[in-house]
Amino acid sequence: MTFNSLSLNDLADHCAEETSKFHRNQQNDTRYCYELMRRAFKENVSDALTHVYRIYEPLVRNWVYSHSHFADTGEHAEDFVNVAMTTFYFAVRSKNFEDFGELSRLLSYLKMCVHTSILQALRKRQHIQIEPHEADDESAHTPDDSEKVDRALDKEQLWEYIRQLFPDEHDMLLIRCYFVYDLKPAEITELHPAIWKKSRDVTVNLQRIRRVLRADKQLREFLGDEFEDD
Amino acid sequence: MMPDESTPTTPESYEDQVTAALDDDAPPEIKRLLAENKDFEKQVALARQFESKLKGTLFRWDCPTAQELGDYHFQLIAPTTAARITDHLTHCVHCQSELEALVDFLKQSPPITPEAKLEKLLRGMPRPGDIIARLLPPIPNRATAGLRGDSQGPRILQADGMTLFIETEKQNSHFLIKGQLAADDLEAWSGALVQVVQETDLITVTTVDDEGGFQFQLDKTEPVKLRIENSSGKAVVVQDLSIT
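First to last, the protein sequences are chains A and B.
Letter by letter, the first sequence follows residues 1 to 230 of the numbering used here.
Letter by letter, the second sequence follows residues 1001 to 1244 of the numbering used here.
Treat each hint with caution, since some may be false.
[Claimed, not checked] Which bits of chain A does chain B cover? Going by a derived footprint, with three or more residues having C-beta under 8 Å, they are:
no., stretch
1, 4 to 16
2, 38 to 51
[Stated by the list, open to error] With a cut-off of at most 30 Å between alpha-carbon atoms, the simulated DSSO-like pairs for lysine-lysine come out as follows:
no., chain 1, residue 1, chain 2, residue 2
3, B, 1038, B, 1053
4, B, 1053, A, 184
5, B, 1107, A, 42
6, B, 1225, A, 155
7, A, 217, B, 1038
8, A, 184, B, 1042
9, A, 198, A, 148
10, A, 198, B, 1031
11, B, 1042, A, 148
12, A, 124, A, 95
13, A, 124, B, 1038
14, B, 1225, A, 198
15, B, 1107, A, 155
16, A, 184, A, 42
17, B, 1225, A, 124
18, B, 1042, B, 1055
19, B, 1031, B, 1055
20, A, 42, A, 21
In short, the hints are calculated from the structure, not lab data.
C-beta: ideal position from N, C-alpha, C; glycine also.
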């Protein structure tokens, strides 16, 4: 039997059966599901893709529920199932299918897509806690690729400008820890004990840095009209 | 803004007092100043807004996405990007933590549990950020009825600069649904995923071709929900479209 001569429905039935055996911890043949995925992702056969969704959605849903941070997101599992499957589709299509080699690697990658969908939601939640309006702007509509590039360039320019204000590398490290990673002085001291022995040292330096940043006219203009001098 | 009599005389020390007031562990004299001096309170509010905006703009600005970190772990990433991420991981505690969590998660093998009813009800529902397509008034059928045989005229929907034409053809015991996207950025929708849901069941998943077209078959007459999502994560949702 050659797998690529099997009808799609037969292939899907075999894949479903072998997947069921896998869930019952029984010996199973992975070649049917691998061929189904190959037709779905490499040959872009819609019906094969539909079968992949139907067979693997329960597994993906299970992974979502079992993720240690799922409950922290406050969102529904169905949303992550959808994001994970969609991410998996576009990611596998963008790569060389043969690089996955075998079903177990494909399924690991699918599981990874569950993890990344939850992590992205968590990052967004953290962002909202830090600056509600900035995060709202970004979630009001999904930016397309060119908008993402523009925003990335703006931030890079901002960072370069701040680097000019603070030529000392320790100051830039502090700015990164405090503003980019949102770490507290005690956490910064723990990470960099060779540079700052006590939290107080971090606090004093941060005080100076924050004073300079708030006073900088160009920075205030960059961040918005409400910060410009009258 | 110069301080008044109740505040220190140098602008630097005044600004340091503002900074102290921004932090959770401000000393009692700063908290008193905040409660008693309206100008100081206003300066602190403005400073808080500024720092919040700066933090919001810079928060993890150069971190790889979670997906890039995943691709890095699977070694499915270009060498230059991998090198950049390796360097980034030497100083980013958040990305280090996320990568460790990924490795742990991949090792787990949880038992299968049945799908919750509530989750099934949510299938096909729009999510925050989704664009909901709006159905326009129908085109009168008279001009085209003779040409179309046993099918309706197209339904036309609009969504954020995109027009979607949906046509239904009855064929023996099922319906053939043909969709056509029209948009200035049509190339961004080539290869987009189209998920078709009826009631709470996923009926089929298909893709948009290079010319913006897609089609699928239905056996039941219940209204459909469509979710069309492109590789950038932009999604258009058609809610409860009647087939008959």
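Evaluation of the provided hints:
Chain B is given as covering the stretch 4 to 16 of chain A, and this is violated because 0 residues of the stretch bring a CB closer than 8 Å to a CB of that chain, at least three being needed. Using a Cβ-Cβ cut-off of 8 Å, 5 residues of the stretch 38 to 51 of chain A lie near chain B, which meets the minimum of three, so the contact claim holds. Our distance criterion of 30 Å between C-alpha atoms is met by residue 1038 of chain B and residue 1053 of chain B, whose separation comes to about 23 Å. Taken as a hint, the residue 1053 of chain B and residue 184 of chain A pair is honoured in the structure, with Cα atoms around 18 Å apart against an allowance of 30 Å.
The straight-line distance between the Cα atoms of residue 1107 of chain B and residue 42 of chain A is roughly 27 Å, inside the 30 Å bound, and the hint therefore holds. Restraint check for residue 1225 of chain B and residue 155 of chain A: not satisfied, since their Cα atoms lie roughly 38 Å apart, outside the 30 Å limit. Under the criterion of a C-alpha separation no larger than 30 Å, the hint pairing residue 217 of chain A with residue 1038 of chain B is consistent with the structure, at around 24 Å. For the hint pairing residue 184 of chain A with residue 1042 of chain B, the CA-to-CA distance comes to about 25 Å; that is within 30 Å, so the pair holds.
For the proposed pair residue 198 of chain A and residue 148 of chain A, the alpha carbon gap of about 39 Å is over 30 Å, so the pair is violated. Between residue 198 of chain A and residue 1031 of chain B the CA atoms are separated by roughly 24 Å; this keeps the pair inside 30 Å, and the hint holds. A hinted pair counts as satisfied when its Cα atoms are at most 30 Å apart, and residue 1042 of chain B with residue 148 of chain A does not qualify at roughly 35 Å. Distance restraint check for residue 124 of chain A and residue 95 of chain A: the Cα-Cα separation of roughly 27 Å lies within the 30 Å cut-off, and the hinted pair is therefore satisfied.
For the given pair, residue 124 of chain A sits about 34 Å from residue 1038 of chain B by alpha-carbon distance, which is inconsistent with the 30 Å threshold. Between residue 1225 of chain B and residue 198 of chain A the CA atoms are separated by roughly 58 Å; this puts the pair beyond 30 Å, and the hint is violated. For the hint linking residue 1107 of chain B to residue 155 of chain A, the alpha-carbon distance of about 36 Å lies beyond 30 Å, and the restraint is violated. Our distance criterion of 30 Å between C-alpha atoms is broken by residue 184 of chain A and residue 42 of chain A, whose separation comes to about 48 Å.
A hinted pair counts as satisfied when its Cα atoms are at most 30 Å apart, and residue 1225 of chain B with residue 124 of chain A qualifies at roughly 27 Å. A hinted pair counts as satisfied when its Cα atoms are at most 30 Å apart, and residue 1042 of chain B with residue 1055 of chain B qualifies at roughly 20 Å. For a cut-off of 30 Å, the pair hint linking residue 1031 of chain B to residue 1055 of chain B stands: about 23 Å separates their Cα positions. About 26 Å separates the Cα atoms of residue 42 of chain A and residue 21 of chain A, which keeps this hinted pair within 30 Å; it holds.
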